Amino acid sequence: MRITQGTFSYLPDLTDEQIGKQVAYALEQGWAVSLEYTDDPHPRNVYWEMWGLPMFDLQDPAGVLGELRECRKAHPDCYVKLNAFDSTRGFETMRMSFMVHRPAVEARYKLRREEGPARLVRYTIERA
Amino acid sequence: MSESIDLKALLAESGVGAVLDELDRELVGLAPVKTRIREIASLLVVDKARAALGVEGAKPSLHMCFTGNPGTGKTTVAMRMATILHRLGHVRKGHLVAVTRDDLVGQYIGHTAPKTKEVLKRAMGGVLFIDEAYYLYRPENERDYGQEAIEILMQVMENQREDLVVIFAGYKSRMDTFFQSNPGLGSRVAHHIDFPDYSVAELEEIAERMVAGLGLRLSPDARTALGDYLRLRRGQPNFANARSLRNALDRARLRQARRLLEAGRVDADMLMTIDAEDIRASRVFGAARDPAEEAAC
Numbered sequence: 112m113r114i115t116q117g118t119f120s121y122l123p124d125l126t127d128e129q130i131g132k133q134v135a136y137a138l139e140q141g142w143a144v145s146l147e148y149t150d151d152p153h154p155r156n157v158y159w160e161m162w163g164l165p166m167f168d169l170q171d172p173a174g175v176l177g178e179l180r181e182c183r184k185a186h187p188d189c190y191v192k193l194n195a196f197d198s199t200r201g202f203e204t205m206r207m208s209f210m211v212h213r214p215a216v217e218a219r220y221k222l223r224r225e226e227g228p229a230r231l232v233r234y235t236i237e238r239a
Numbered sequence: 105m106s107e108s109i110d111l112k113a114l115l116a117e118s119g120v121g122a123v124l125d126e127l128d129r130e131l132v133g134l135a136p137v138k139t140r141i142r143e144i145a146s147l148l149v150v151d152k153a154r155a156a157l158g159v160e161g162a163k164p165s166l167h168m169c170f171t172g173n174p175g176t177g178k179t180t181v182a183m184r185m186a187t188i189l190h191r192l193g194h195v196r197k198g199h200l201v202a203v204t205r206d207d208l209v210g211q212y213i214g215h216t217a218p219k220t221k222e223v224l225k226r227a228m229g230g231v232l233f234i235d236e237a238y239y240l241y242r243p244e245n246e247r248d249y250g251q252e253a254i255e256i257l258m259q260v261m262e263n264q265r266e267d268l269v270v271i272f273a274g275y276k277s278r279m280d281t282f283f284q285s286n287p288g289l290g291s292r293v294a295h296h297i298d299f300p301d302y303s304v305a306e307l308e309e310i311a312e313r314m315v316a317g318l319g320l321r322l323s324p325d326a327r328t329a330l331g332d333y334l335r336l337r338r339g340q341p342n343f344a345n346a347r348s349l350r351n352a353l354d355r356a357r358l359r360q361a362r363r364l365l366e367a368g369r370v371d372a373d374m375l376m377t378i379d380a381e382d383i384r385a386s387r388v389f390g391a392a393r394d395p396a397e398e399a400a401c
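These protein sequence lines are chains A and B, in that order.
Here the working numbering is used: position 4 in the first sequence is 115, and no number is missing along the way.
Here the working numbering is used: position 156 in the second sequence is 260, and no number is missing along the way.
I should point out that these hints are in silico values taken from the structure, not numbers from a laboratory.
Please read all numbers here as calculations on a predicted model, not as lab measurements.
Glycine included, each C-beta is placed from N, C-alpha and C at the ideal position.
Among these hints, one or two may not hold up.
Distance condition first, Cα-Cα at most 30 Å in a straight line; then the derived DSS-like pairs of lysine-lysine [unchecked claim]:
no., chain 1, residue 1, chain 2, residue 2
1, A, Lys-132, B, Lys-276
2, B, Lys-219, B, Lys-138
3, B, Lys-197, A, Lys-184
4, B, Lys-197, B, Lys-163
5, B, Lys-197, A, Lys-132
6, B, Lys-276, B, Lys-221
Okay, the calculated bits of chain B under chain A, using three or more residues with CB under 8 Å as the criterion [claimed, not checked]:
no., stretch
7, 189-199
8, 203-215
Model the full structure from these sequences, guided by the hints.
See the structure below:
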C-alpha cells in the first residue's frame with residue numbers, strides 16, 4: 112500500500128530536483144526547513160524523529176538536499192518528511208510538509224471494525 | 105565548427121563589467137587584487153562560452169585565499185567577489201557568510217561537526233569567508249577540535265564545488281604556515297591573492313572618500329596634517345591600514361564636535377569641515393617625540 116501524507120499527497124513522489132525547487136520556494140518565503148523520519152507513518156502519529164535541528168538562515172536548497180541524502184542513507188527503511196515552518200506571527204506553524212523518502216517495502220495498515228452497543232461501529236487503523 | 109560567440113557581449117550580458125568597474129572606481133590601490141579578479145572573471149566568461157558551444161568541462165575550483173595585513177580590504181573584496189561570482193553564474197545566490205574559528209569549532213567532543221556543517225549549509229549557494237583562518241589549526245594542542253572542522257571543510261570544498269566557494273583570509277606569514285601544516289587544504293585552494301599595504305597617497309585618497317561618505321570635508325591644512333599623521337602612524341605598531349584611518353577620522357570627528365561646541369555659534373561650513381587641529385591633537389604626534397609611549401591612537 113502506498114502511504115501518502117502532507118502537501119503533495121495526491122502527486123507521485125517528487126524527484127530530488129523537484130524537492131530542491133520546493134525547498135527553494137520555502138526558503139524564499141523565509142520558512143525554516145527541517146527533516147523528520149519515522150518507521151511508523153500512521154496518520155495519527157505526529158511524533159516523528161527529528162533529523163538534526165531545523166535549518167535556519169539558509170539561502171540555498173543545497174544544504175537541505177545534502178541533509179536529505181544523509182538521512183536517507185542512515186534510515187533507508189524509514190519514511191522521511193520535509194517540513195517548512197513559518198515563524199510569522201499569526202502563522203507560527205508548518206506551511207508545507209511532504210514526504211521525501213519511503214522504504215522499498217512499505218508499512219501495511221488494516222482497518223479494524225469494532226461492534227459496540229446499539230449497532231455502534233468504531234473504526235481503527237492499525238499496523239498489519 | 106563555424107559557430108562563434110562574442111565574448112565581449114557575453115561579459116556585458118552578465119552585468120559583471122559594471123561590478124568590475126565599480127571595484128576599480130571604489131577601491132583605491134590593490135592593483136594585483138584587481139588584476140586577479142579580472143582574470144577570474146575572464147575565466148568564468150570563457151567557460152560560459154565553452155559551455156554554450158557544447159564543450160563541457162569541469163567547473164573550475166575557485167576557492168581562494170586572501171592574505172594581507174589588517175585593514176587592506178579583504179572582507180570588502182570578498183563581498184564584491186560574491187557578487188561577481190553570482191553574476192557569472194558560478195554560485196547560485198551570491199551571499200557572503202563571514203565566520204571565524206568560533207563559528208566553526210565546537211567546545212566539546214561531537215560539537216564541532218554539526219556546527220561546521222550548519223555554517224556550510226548556510227553558505228551554500230554563496231561564498232563562505234573564513235577570517236583569520238589560521239586559528240583553525242592549533243598545532244600546540246593535538247586534541248584541538250579545529251582539525252575536525254578543517255577535515256569537514258576540505259570534504260565539502262572538494263565534493264560540493266558547485267555549491268559554494270570558500271575564501272580563507274589572514275596574515276600572510278601565518279596563512280603560509282597554516283597551509284604548510286595542512287597540505288590537503290593548501291592544494292584545494294587554487295587562488296592565493298596577496299593584498300598589499302596601502303601607500304600614504306592611497307590612504308589619503310581613501311580618507312577623502314571616507315570623509316565625503318560622512319558628509320564632511322577636510323580643510324587644506326587638515327589634509328597636510330593627515331598626511332603627516334599617516335606617515336607617523338604607519339611606522340608604529342598595530343597599524344591596520346584603512347581601519348586605523350577610519351578610527352583616526354572618527355576621533356577627529358569627536359574632537360571637531362568638541363571644538364564646535366566650545367565655539368558656540370557655528371555655520372554649515374564649520375559643521376562640515378575637519379580642521380588641522382582636530383587631527384594634530386592626536387596622540388600619534390606626541391608619540392613621535394616620545395617613542396616610549398605606547399600610542400595606538
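Status of the hints after comparison with the structure:
1. Lys-132(A) / Lys-276(B): Answer violated: Lys-132(A) to Lys-276(B) is near 41 Å, above 30 Å.
2. Lys-219(B) / Lys-138(B): 34 Å, violated
3. Lys-197(B) / Lys-184(A): 28 Å, holds
4. Lys-197(B) / Lys-163(B): 17 Å, holds
5. Lys-197(B) / Lys-132(A): 14 Å, holds
6. Lys-276(B) / Lys-221(B): Within the cut-off at roughly 27 Å; holds.
7. 189-199: holds (count 3)
8. 203-215: Check failed, 0 qualifying residues.
Checked against the numbered hints given earlier, this structure breaks hints 1, 2 and 8; the rest are met.
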